[in-house]
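**Q** So the sequence lines, in the order shown, correspond to chains V and B. Residue 99, in the working numbering, is where the first sequence stops; the numbers in between run on with no holes. Residue 674, in the working numbering, is where the second sequence stops; the numbers in between run on with no holes.
Keep in mind that the hints were calculated from the coordinates and are not lab data. Glycine included, every Cβ here is placed at the ideal spot set by N, Cα and C. Treat the hints loosely; a few may be bogus.
[What the hints assert, rightly or not] Restraint ranges, calculated between C-beta atoms of paired labels, are given here: (1) B:N623 x V:Q87: 23 to 33 Å; (2) V:K54 x B:S628: 18 to 28 Å; (3) V:I78 x B:A653: 10 to 20 Å; (4) B:I667 x V:K48: 46 to 56 Å; (5) B:D626 x V:I78: 39 to 49 Å; (6) B:L109 x V:I78: 16 to 26 Å; (7) B:N623 x V:I78: 46 to 56 Å; (8) B:Q652 x V:K54: 52 to 62 Å; (9) V:K54 x B:R642: 50 to 60 Å; (10) V:E71 x B:R642: 30 to 40 Å.
[Stated by the list, open to error] Going by beta-carbon spacing under 10 Å, a handful of chain B positions derived as facing chain V: (11) V519; (12) L656; (13) F659.
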Amino acid sequence: MNAVPLSYILFVSIALFFIGMYGLFTRRNMITMLMSVELMLNSVNINFVAFNKYLYPNKLDGVFFTVFIITIAAAEAAVAIAIIINLYRTHQSIDVEDATDLKF
Amino acid sequence: MSNYAYVIWIPLLPLLSFIVLGLFGRRYIRTASGTVGALALLGSTVLSLMAARQYFFVDGKTADTYRQIIPFKFEWLHFSSQVSIDMSVIIDPISVMMLVVVSFVSLMVHLFSLGYMKGEERFATYYAFLGLFTFSMLGLVLSGNLFQVYIFWELVGVSSFLLIGYYFSKPSAVAAAKKAFIVTRFADLGFLIGILVLAFYGGTLDITELIHRLSSPQSPQFLAMASAGFLGLTALSWALVLVFIGGAGKSAMFPLHIWLPDAMEGPTPVSALIHAATMVVAGVYLVARLFPVFSMDAAVMQLITWVGAFSALLAAIIACTQTDIKRVLAYSTMSQIGYMMFALGVAKIDGEQGLGYMAAMFHLFTHAFFKSLLFLCAGAVIHFVHSNEMNDMGGLRKKMPLTHLAFLIACLAIAGIPPFSGFFSKEEILTAAWHSNKLVFGIGLFTAALTAFYMFRLYFSIFWQKESQHHNDHGEGTVSMKLPLAVLAVCTIAAGLIPFAHYVSADGKPLETSIDLGFSAAPVVLSVLAILIAMRFYKTENERSAKFAAAAGGLYRGAKRKFYIDELYLFVTKKIIFPLVGQPAAWIDRNIVDGSMNLLATVTAAVSNRIKGLQSGKVQAYALYFFGGIAALTIFFIYLWK
């Protein structure tokens, strides 16, 4: 049953998290940045499920958390995309470097 | 205990008038404002007379003594089981007497102003202020608690300030209002401290209770106060002196009198109401209110006597030289209040020795009538001549017959000629002084002669002397102006015939007084002589008064400049207080108090100026800080946190 050790799964999750972080720091396109954030969220989801499975097989708390996070991520994506659309309408661009109206 | 519930409406009606006129007067009620105010006051006057009738003739007396009745009392501020401030209404002979005086004179002034203030831009505001003043004064009279007295005391001060500064476009009126407010405020500081000392030792602010505790020499509160000392005076003396300073400020006693002559910048009916009949006698009323406590301290009573006598004399001398008719009347007010003060000072609490107390109250009563009559007559004259200066007047007796007659009656009353009211009250005062202190009696006698002189100087200068140059363009005045003159003139004649001592005395028991003809001969003869001198000097235009003034030399010049007391005050404030206290205080305020705040602001601004570059507007930079922070926290909690 436990053919795959926990550390393998954690490795995947960490890789996914830092890929997302790298994307968030390097990309200037907001949609790509949003996708990177989703990647980071999903790495957390993997962690939750894995720890639930390996440490507390009789409970479902980690799985429930995952379901919540997916739901909230969907809502967050909707809000983020709405912001991006509005930004595009006013700036004709979705490059974060162009949105500097509020800086000092 | 009979029902005196309606008494509460006596002050509330003018308050109502103030609120209604203050809110709606200028825009909606306009010229009807005067009628509204006068009607409210009519109600108050009727209720006051009812209260007086009920108290003095129906149920005020038990076992031949007028007692105190407290129809209202409720706890206003509760601090602890021992300390609380109550609001109460007190009914006793002097408060009922004052109720009648205040509401009646106020009614007369309301009526007179209908004509006098007609066509003024701020007519409604004027009546609103009059309502406020009347409310405060009636409240002051009825207060049964020292703190309540203090609240109303300040309220009359404010309304006096507002009315003196009524012609606020005139710089002199503004200055006068400010002066009156600051001088009385300064005195009120003493009053407040005095109240607090009394309350601290007496353990209560309730007047009845305080008097009860402090007027018996065996009570623990009295012993505590009489033994505690500070700078050589006992706590009792300090408290009473401080309270008296408050009273002296309001009553324009030397040396706090400087505001009263300037207060004549207000409309003349206001001077009649506030600065002649009611507010300025508040100090006398206060001393009378706390009289049983005052009479426990002979030194303070001496102080009151001498301050009163000196003010009476000083003001009378100054009044002889002034040429502005309202200022003459102002100084004569001060002089008459001095009379009341020294009458109180020579009195004791019980029986025959309480004559001075009764005489002071009697003089307060009669003075209210004849002095407000004098002021209203002066108002009518000023209305006719459009000037305050004596030199612009003369020969008005044919143009203003009614005013002339009323003024003559009032002058005879204030000069103490029988059978006018002033004679009776002044006789009582002089008798009281004779039995107590011969020197004070001498001052009183001399002042009485001076009073007769300067009042008739005024009378002859206004109504005789030269022929009038004024053509009669608008007549003597409207009916609403003549009616109060006539009513007050009748009161001036009749008020002295009231057997006042039967109703008001220091211990509540009726007092038998009689006018000793042999005794009264001296003051009356002196007054008549003074009147004859005034007649010789001023009835026709001549050089005699000028020659006399030249002969008096320095005394005349000093009196004309009011003995340089104003200049002295200015010197003390400008040359001593401002550079030595004001400027250092201002320096501390600007450099230390403001400086520390400014330093805080400067440091904040400098720091934020340095770090504002962090707000770069780069989303990814923010994300980096965020992750960096999380990483730092993680490292901290995993490796460093034990």
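**Q** Each hint needs a verdict: does it hold in this structure or not?
**A** Consistency of the hints with the structure:
no.: 1; hint: B:N623 x V:Q87: 23 to 33 Å; in the structure: 56 Å, violated
no.: 2; hint: V:K54 x B:S628: 18 to 28 Å; in the structure: 60 Å, violated
no.: 3; hint: V:I78 x B:A653: 10 to 20 Å; in the structure: 19 Å, holds
no.: 4; hint: B:I667 x V:K48: 46 to 56 Å; in the structure: 28 Å, violated
no.: 5; hint: B:D626 x V:I78: 39 to 49 Å; in the structure: 46 Å, holds
no.: 6; hint: B:L109 x V:I78: 16 to 26 Å; in the structure: 57 Å, violated
no.: 7; hint: B:N623 x V:I78: 46 to 56 Å; in the structure: 51 Å, holds
no.: 8; hint: B:Q652 x V:K54: 52 to 62 Å; in the structure: 38 Å, violated
no.: 9; hint: V:K54 x B:R642: 50 to 60 Å; in the structure: 51 Å, holds
no.: 10; hint: V:E71 x B:R642: 30 to 40 Å; in the structure: 35 Å, holds
no.: 11; hint: V519; in the structure: 78 Å, violated
no.: 12; hint: L656; in the structure: 7 Å, holds
no.: 13; hint: F659; in the structure: 7 Å, holds
Consistency with the previously given hints fails for numbers 1, 2, 4, 6, 8 and 11, ordered from lowest to highest.
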